[in-house]
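Student: Spelled out from the first residue to the last, the chains are:
Number of protein chains: 2
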Amino acid sequence: MALIVHKYGGTSMGSPERIRNVAARVAKWHKAGHQMVVVPSAMAGETNRLIALAKEIDADPDSRELDMIAATGEQVSVGLLAMALKNCGVPAVSYAGWQVPVRTDNAFGKARIMSIEAGRVLDDLAAGRVVIITGFQGIDPGGNVTTLGRGGSDTSAVAVAAALQADECLIFTDVDGVYTTDPRIVPEARRMKKITFEEMLEMASLGSKVLQIRSVEFAGKYKVKTRVLSSLTPPDIDLAQEAVSGTLITFEEDETMEKAVISGIAFNRDEAKITVMRVPDRPGIAYLILGSIAEANIDVDMIIQNQSVDGLTDFSFTVHRNEYQKALAVLEAKVRDQVGGGDIVGDTKICKISAVGIGMRSHVGIASLMFRTLADEGINIQMISTSEIKISVVIEDKYMELAVRALHKGFGLEQQPGHVNDGEAV
Amino acid sequence: MALIVHKYGGTSMGSPERIRNVAARVAKWHKAGHQMVVVPSAMAGETNRLIALAKEIDADPDSRELDMIAATGEQVSVGLLAMALKNCGVPAVSYAGWQVPVRTDNAFGKARIMSIEAGRVLDDLAAGRVVIITGFQGIDPGGNVTTLGRGGSDTSAVAVAAALQADECLIFTDVDGVYTTDPRIVPEARRMKKITFEEMLEMASLGSKVLQIRSVEFAGKYKVKTRVLSSLTPPDIDLAQEAVSGTLITFEEDETMEKAVISGIAFNRDEAKITVMRVPDRPGIAYLILGSIAEANIDVDMIIQNQSVDGLTDFSFTVHRNEYQKALAVLEAKVRDQVGGGDIVGDTKICKISAVGIGMRSHVGIASLMFRTLADEGINIQMISTSEIKISVVIEDKYMELAVRALHKGFGLEQQPGHVNDGEAV
Chain A
1 MALIVHKYGG TSMGSPERIR NVAARVAKWH KAGHQMVVVP SAMAGETNRL
51 IALAKEIDAD PDSRELDMIA ATGEQVSVGL LAMALKNCGV PAVSYAGWQV
101 PVRTDNAFGK ARIMSIEAGR VLDDLAAGRV VIITGFQGID PGGNVTTLGR
151 GGSDTSAVAV AAALQADECL IFTDVDGVYT TDPRIVPEAR RMKKITFEEM
201 LEMASLGSKV LQIRSVEFAG KYKVKTRVLS SLTPPDIDLA QEAVSGTLIT
251 FEEDETMEKA VISGIAFNRD EAKITVMRVP DRPGIAYLIL GSIAEANIDV
301 DMIIQNQSVD GLTDFSFTVH RNEYQKALAV LEAKVRDQVG GGDIVGDTKI
351 CKISAVGIGM RSHVGIASLM FRTLADEGIN IQMISTSEIK ISVVIEDKYM
401 ELAVRALHKG FGLEQQPGHV NDGEAV
Chain B
1 MALIVHKYGG TSMGSPERIR NVAARVAKWH KAGHQMVVVP SAMAGETNRL
51 IALAKEIDAD PDSRELDMIA ATGEQVSVGL LAMALKNCGV PAVSYAGWQV
101 PVRTDNAFGK ARIMSIEAGR VLDDLAAGRV VIITGFQGID PGGNVTTLGR
151 GGSDTSAVAV AAALQADECL IFTDVDGVYT TDPRIVPEAR RMKKITFEEM
201 LEMASLGSKV LQIRSVEFAG KYKVKTRVLS SLTPPDIDLA QEAVSGTLIT
251 FEEDETMEKA VISGIAFNRD EAKITVMRVP DRPGIAYLIL GSIAEANIDV
301 DMIIQNQSVD GLTDFSFTVH RNEYQKALAV LEAKVRDQVG GGDIVGDTKI
351 CKISAVGIGM RSHVGIASLM FRTLADEGIN IQMISTSEIK ISVVIEDKYM
401 ELAVRALHKG FGLEQQPGHV NDGEAV
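Just so you know, the sequences run in chain order A and B.
The opening residue of the first sequence carries number 1 in the working numbering; numbering runs sequentially from there.
The opening residue of the second sequence carries number 1 in the working numbering; numbering runs sequentially from there.
A couple of the hints might just be wrong.
[Claimed, not checked] In the EDC-like style, the derived pairs of lysine to aspartate or glutamate whose C-alpha atoms are separated by at most 20 Å in a straight line are:
| id | chain 1 | residue 1 | chain 2 | residue 2 |
| --- | --- | --- | --- | --- |
| 1 | B | K194 | B | E217 |
| 2 | B | K55 | A | E46 |
| 3 | A | K55 | B | E46 |
Hints were generated in silico from the structure; no laboratory data involved.
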């Protein structure tokens, strides 16, 4: 008897048949006595259809109006799912974000949730109803419809779970959990039964598509017990078995986890590298370069500046590939003359590979094992950056799969934690 | 410099190209200095698509959830139109029904507008923005999304015009006004420049598809100057010319109108006739029969009970053809035994033809001209009912076109008012 939030993605909601399956799964949990809240995405393809329609009107559509349009996809989903549940004999009610309300700021297209009012939903739950709430959207202080951006339904689900103080938030998706790396690249990749919040945050930020990063941040901030699990199992699978499947994001490191030095290998082929060559090594240069990029609303990931030689240094950073041309143009227009540097060069044929693990904090030698493993494969490292629980390298993108496989094996990830390679470098 | 409401139907909003045309037309009015409010329908086919999707989940979908889904079609429309206007350089903002708010009762699928708050919209208009409001929908006292039923956007537009005390409400549609009868049946049918509210109400209730009847009721109740005109003219057509085109619904009978005895011939092929034969002619019988029909939520149009013979009479009424089987079943189950009547017989192969005209009030002989005209064509009349400004007859449906043509000619409707046939019967 718990309060449980389920989240279902667009693929799970992709057809009337699949929506009936979602309803059957939710009904099973409801009949077991749980109070159920469900946050579904729009039907697969629907958000893209709506955005394409908007772009036929205006290639650069007004962001308020785009949110008005894009939010309808989820509104259809919640209505259909409520119908399907009632059709199974389960009382259900659907709400759009503004009806709960889910309050956000007014950053259309990438709004952030500020608060969620729980009263109405709790009343419904107390009355035995399943409550279905649109993902991806909310209402701003001016009463306008907002959306949270791509993947925002994960964040909606976790935020709803936090607001309702739910016992657990189950993210149903088309993979059965979080893996040590992408199984399409490394067949030996292993599903983790648990992952710490910090590791999940790095995995998400490093390109693992399993969870939207803001949902992980929310889970961390409000300590929402969140589980990633498969929506592809039959809906009538045993509930006790389903409840412990997938990967649980935890907030305590338990004994088992300590033994795994590296939990997973993440990778990202969406970035491009830009270097401003031979800039004077004096205060304000980093701000001058990155300030202009930030003003143009371009997100920067890695930033590298090395020791200067003869008062000159090379300043490098990575941006999303989609913003590469825009970033170059900004630098040419606003930065080159002021910085007085040399050439501005860039490269889109890169990828970033990261080793992530909370155990890294208490071990030396992870970096050297990583670099040696790549060197053994003849792979040159172009950039390096580190954090407390991850090491990321940029390499030529044609080596991506090779590097991921070598590192997965090098760190012994195909084995269960506790049997990790305790060789010299660890 | 006036406050004008435009309404555009689904066909006018049917594609990005057509939405751009709507925007161009609205922009023309806005640039001429008018304060503009626009109420568009969903894109053609969209409401049907959404309802079909719902019916794939549940053949008899929950009405609250169906409204939640169906309302999204208009939300997409208003967003797209706002974008298209901004794209023409016209400031615009879109609102869903709940944002205005348009308050309705909670009769899902056929909600009635109770009030519309004008404040937010008037502020936008004062700031020079075009305001685009979803047709067809509102919000009930419980905060649920409601829809007004098919054709509800006409009603939304007139209600918005009433709430804003607009100078005129222009209903743009795919016909260029209200005709003396359907021009597809009678090529000589003539567009009326004006029609009284009472006549328009009868024409709408009798099957003319030009305006939803509730919108006419609203126009009458709040004295909204309403004009039906073509959306098929080029959007850049001269505004002064456009402003006097189509058919104006008026609230005063002017001299010209007095001269037309009959304004139009309406017809309706959507009804079916049911007769309970030989029922006892005693108090309570009509209630017993129609009460059971009303309880089953079946609308009844004509009701006829004739003089009894030997204490027995035949009781007839018409219902929508879609509800014919249901009505028969109700009578068989609940009425037959209690009434103690004879056979219950029905006929779906009927149509209703009506002559409508405010001038009828001051003329005798309209009925006899109507009956003689039909008799001359060898058409048998099955039922007759009259009101102050219309006479309706039920005939076999295969004679519908013949009857409409004969009556249109018989009443001289192909001629301009003032040149009406002043023959013996008028």
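Student: Would you pick out the hints that fail for this structure and give their numbers low to high?
Tutor: none
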